[in-house]
Amino acid sequence: MPPVATERSRSPQERVRVDNSTNLADFPFGGSSDLNSVAGSLYGTAQLLVQQTAYAISGSVFSYSPEGFNLDTSVAEWKLAEQKNGLGRVPRVNQLETRAGAGSVLLGYIYNQQVKESQPSPQSVLASTGSLDFMQPVLAQYSVKPSASFPLALNIAAVDYVSGKLVTDYVRPMTVAKDLGLGLVSSTSLKDAQHMTLLSTILSSVIPTLHVYDGKSGVRESAKVDDVSNATFLAGKYNQVTNDLGQFLESRHSLNEKVLGLIKRFNTLLNTSYTPFEYVGSETAETVVVSFGSQESVLASEVAKKLKTENVGALNVRVYSPFLEEEFLKCLPETVKKVIVLGQTTGDDDSHSSLYTDVLTAFYLNHSDSIPEIVDYKFPREKVWLESEFYDIFGKPVVAKEADVSEYVFWDLDNSTSKHAPGALSHTLSLDSQTVKFASTYENQKLGGVIESQVRVSKYETSTPLSIEQADVLFVNDAKILSEVDILARAKPSAKVVIASTPSIDEIEKVTGDHFKKNAVQKGIELFAVDYEAIGENPETQGRTQSMVQQIAFWKTAYPSFTMDQLTSKMVLTNGNDTELVAATIANLAEKVFEVGYKKIEIPKEWAEVSPEDIPQLDAYVRADSFLPNDHSDLVEEEYSSQGETITEVTKKIAFREAYGASQELRPDLPVKNFVSKVKVNQRVTPEEYDRHIFHFELDITGTGLTYAIGEALGVHAPNNEQQVLEFIEWYGLNPDEVVSVPSVVSEGSLETKTLLQALRDNIDIFGKPPKKFYENLAPFAQDSKQREHLEKLASPAGAEELKKRAEEDFCTFADLFEEFTSARPSAAELVQLVAPLKRREYSIASSQKVHPNAVHLLIVVVDWVDSKGRKRYGQCSKYLSDLSPGSEVIVSVKPSVMKLPQNPATPIIMSGLGTGLAPFKAFLEEKMWQKQQGHEIGDVYLFLGARHQRQEYLYGELFEAYKNAGILTYIGAAFSRDQPQKIYIQDRIREAKIPLVDAFVKQQGSFYLCGPTWPVADVSSALCDIVAHEAASRGETIEQSRTIETLKEQERYILEVY
1 MPPVATERSR SPQERVRVDN STNLADFPFG GSSDLNSVAG SLYGTAQLLV QQTAYAISGS
61 VFSYSPEGFN LDTSVAEWKL AEQKNGLGRV PRVNQLETRA GAGSVLLGYI YNQQVKESQP
121 SPQSVLASTG SLDFMQPVLA QYSVKPSASF PLALNIAAVD YVSGKLVTDY VRPMTVAKDL
181 GLGLVSSTSL KDAQHMTLLS TILSSVIPTL HVYDGKSGVR ESAKVDDVSN ATFLAGKYNQ
241 VTNDLGQFLE SRHSLNEKVL GLIKRFNTLL NTSYTPFEYV GSETAETVVV SFGSQESVLA
301 SEVAKKLKTE NVGALNVRVY SPFLEEEFLK CLPETVKKVI VLGQTTGDDD SHSSLYTDVL
361 TAFYLNHSDS IPEIVDYKFP REKVWLESEF YDIFGKPVVA KEADVSEYVF WDLDNSTSKH
421 APGALSHTLS LDSQTVKFAS TYENQKLGGV IESQVRVSKY ETSTPLSIEQ ADVLFVNDAK
481 ILSEVDILAR AKPSAKVVIA STPSIDEIEK VTGDHFKKNA VQKGIELFAV DYEAIGENPE
541 TQGRTQSMVQ QIAFWKTAYP SFTMDQLTSK MVLTNGNDTE LVAATIANLA EKVFEVGYKK
601 IEIPKEWAEV SPEDIPQLDA YVRADSFLPN DHSDLVEEEY SSQGETITEV TKKIAFREAY
661 GASQELRPDL PVKNFVSKVK VNQRVTPEEY DRHIFHFELD ITGTGLTYAI GEALGVHAPN
721 NEQQVLEFIE WYGLNPDEVV SVPSVVSEGS LETKTLLQAL RDNIDIFGKP PKKFYENLAP
781 FAQDSKQREH LEKLASPAGA EELKKRAEED FCTFADLFEE FTSARPSAAE LVQLVAPLKR
841 REYSIASSQK VHPNAVHLLI VVVDWVDSKG RKRYGQCSKY LSDLSPGSEV IVSVKPSVMK
901 LPQNPATPII MSGLGTGLAP FKAFLEEKMW QKQQGHEIGD VYLFLGARHQ RQEYLYGELF
961 EAYKNAGILT YIGAAFSRDQ PQKIYIQDRI REAKIPLVDA FVKQQGSFYL CGPTWPVADV
1021 SSALCDIVAH EAASRGETIE QSRTIETLKE QERYILEVY
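The numbers in UniProt numbering rise by one with no breaks, and the one at position 1024 of the sequence shown is 1024.
Since the hints were made in silico from the structure, they are not lab data.
Since the model is a prediction, treat every value here as computed from it, not as a measurement.
Careful, some of the hints might be misleading.
Stated by the list, open to error - Okay, the calculated beta carbon distance ranges per label pair:
hint, residue 1, residue 2, range
1, Ser-1022, Lys-964, 20 to 30 Å
2, Lys-396, Asn-36, 40 to 50 Å
3, Asp-133, Glu-1050, 24 to 34 Å
Said to hold, decoys possible - In silico lysine-lysine, DSS-like type, Cα no more than 30 Å apart, as pairs:
hint, residue 1, residue 2
4, Lys-401, Lys-305
5, Lys-678, Lys-165
6, Lys-869, Lys-769
7, Lys-459, Lys-523
8, Lys-983, Lys-994
9, Lys-523, Lys-600
10, Lys-330, Lys-191
11, Lys-773, Lys-805
12, Lys-492, Lys-510
13, Lys-492, Lys-523
14, Lys-773, Lys-446
15, Lys-769, Lys-165
16, Lys-264, Lys-191
17, Lys-769, Lys-673
18, Lys-600, Lys-306
19, Lys-850, Lys-900
20, Lys-337, Lys-932
For every residue, glycine included, the Cβ atom is placed at its ideal position computed from N, Cα and C.
When you get a sec, could you build the whole thing from the sequences and use the hints?
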């Protein structure tokens, strides 16, 4: 995350700073250093038009732009050049930085200007959503006493950081607007960014207004836009609309009427047709999608247009606050039966989205006779919308991409000398009377920095955002990227894929995995290879050869019909403007490329027969974590030095990792895909005075890429208590910084290098239970003959009884044995070889990812006991988790499970769980709720649970009762064994429900699940057989219990997860 500094005063020389970090790789069409050039038809970004409008009509511009965001680059240039705005003066440009109380400067300035300034003018703010938290107290003060003469309009780029990734954040502006009673309007595309900046400033005369727009695309996406108004025109229209507002503002019209009146004035003077709510689609639509936000609104509208013969529509909320309920209802077709509200949420709780609440309120406040079904389609801020998803939402088949649209995606490392090539190509493509849209994305944490460039070429201007799904050509400029990005997920059938690699083109097959090969065959991909090494450096194109080779390969692949003259002409246009590059030089280079460095790869027939064992969990899209590439100018790796190996040897392994087969990974000793999550909730659910500590535990997995399915388990990689490890090391007399080699469980014979402290804390189960083999292995180290003989006895049949007592009564640990057998002192290197490794602890997941996309829920009991020496002992992992506070990091992985729901949602399910065994059934119920919300018919759901006391251990009881009241859960059979004189167990409750279970389980072929400890398995199986036997008896048949149970298990209708 780029650093965010604090607000400070500046000397006159540094009042305005210009960020010159833009470049051809990001902005191929350049910037606009001349304010007057921003007019007519041009290529640019939404951020450019927001800046131009704010500068044109404002007396002052206040900017809060984090490093690299470029929210104020153009206004800073215009100010530095003393360029006059549309009002005929040079506005103040105040570049401020975010901190607590941000905005106090602008508030003081506005109130002061009311006294000093003779010529009233609006004041504009350029900021991102990350600044709103700091500005809110100041905005709260201003909203109480706004200035009509010097209205304040805030242009907010909806972009912020969440878990290290850039996200589009509309939640914060919506919340601030609602909490403070501010206005809130949105622009949905580059085309209307200018108008909405102007409109929000006009609306600020009656209500302080925020103008919000997609920050990620608004700052980065370059496209062509026509009919851009110049600064003078904008200022003139602002003055016309606001010239005689005094009487209008003082009238008794309501705020809603004033807002509508100003929008009407705006449309009349600018010949536009904006409304608070804008509907696109069928006049007889039965399903309507409602959205607020750039990307989702544009895609919903575009898809609704393409489905014009279907009964669907899209409604974009242009003015969110004030929410004009009557206007909203007027826009909806009378035929609507289902309203799907796309509501962005933070994912912090299970409450409804703000937009859903407003839509629901609109119907109820206006006493609508017939309220349609209203669905809250919640999505996180990290969501990147794809056009295909809207066909799924509407429940319609995908309409094919227009034939006159071509799309290209490029991937490269961000330190590549040719990373600007896609931008250069885009600029050249725009010269052919075509409309081009371009955007680059940086993910600094992937492979040391990856850049993805997307290019769309079409005959006509399009507002569809750049989330290319069906690329015609995909160009991978470094083969390593194939291991991190699923590029073929973005390829249309028969697409062309170019892979550039330094090995010879004969080696290209080796850099493509089985998953790639299988998909290549299925999609009918044409594969091409570029070999930079074979082509070599060209003296006449020194320093730019690789970029030019990439461009040549692109033109040849995307436009195979080009003659050499046509290709050469394109290359000169792209590369010859600032050099003495001549066509002959390019032609010679192109001939060499086609002769030795560019080749079509015939896909072997064997690729069709590949069956990938493991499908890699790869992102199809580069996930932006910065607007800037990594700084590679001063790359230093910090590592610890070694003892045990020479410093020289360890340094070689660090510096030359490939040669030594060394790597740096997250818990490389573990043979599963691991993720770093953060604790979100750690809440005890049993009373403090109760002897069982059970807690509900939530982990935030935002941005990690972790996915899980219903019924799966979460593996937690819990370290040992560091203080206990240090105490053991000190007692043993070892150096915690000594370097040791720990055996890897990933690859036999592979070692991981760590300090002793790290090894005993993270890898070695020093406080775990030693097996019999350990006694045998430790014996040779004992210097005392009696201790050695004792260890040997324990490892023999003669010591079996004592060994059992040590394990089951004394609960001896490895550390205990070292303290007992003090003469046995293996070295640090030997100790980590002798003691068993830590194993992950698996917990059933208690959530559905469809309901909680960025969280994992667990239900955990702290395992504790008192050993024969009176010591309180704890389960290593449960104790570790119970002590964690929100924000703590936890390494986790996902384990598949047999606990799967039936494929048909209408199939009945019977769930039985004891104690924390209820965890997966909470997830089942969430999934059932989701299925019902999606319109599926769900079958009967039975829940049987067992615990000791209802008051202390009715785990998730209120939630289960709520599901029952909501019609999701059919029946609850709760057995609290110690709440009455006679013991009641879970199998008793199952038998009580025999009659309805005969129908659900036997006649409707339902599925039965048991989760929890092993001891009730026999009794529950017997109760289940009674149900089957009852139905069989009604037909005059009998069953054999053990055979019946085995048959049900084979049919996957009796599923057990016990421990």
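Right, here's what the structure says about each hint:
no., hint, verdict
1, Ser-1022 to Lys-964: 20 to 30 Å, "27 Å, holds"
2, Lys-396 to Asn-36: 40 to 50 Å, "47 Å, holds"
3, Asp-133 to Glu-1050: 24 to 34 Å, "57 Å, violated"
4, Lys-401 to Lys-305, "13 Å, holds"
5, Lys-678 to Lys-165, "15 Å, holds"
6, Lys-869 to Lys-769, "16 Å, holds"
7, Lys-459 to Lys-523, "26 Å, holds"
8, Lys-983 to Lys-994, "19 Å, holds"
9, Lys-523 to Lys-600, "16 Å, holds"
10, Lys-330 to Lys-191, "26 Å, holds"
11, Lys-773 to Lys-805, "16 Å, holds"
12, Lys-492 to Lys-510, "24 Å, holds"
13, Lys-492 to Lys-523, "7 Å, holds"
14, Lys-773 to Lys-446, "43 Å, violated"
15, Lys-769 to Lys-165, "42 Å, violated"
16, Lys-264 to Lys-191, "20 Å, holds"
17, Lys-769 to Lys-673, "27 Å, holds"
18, Lys-600 to Lys-306, "36 Å, violated"
19, Lys-850 to Lys-900, "15 Å, holds"
20, Lys-337 to Lys-932, "17 Å, holds"
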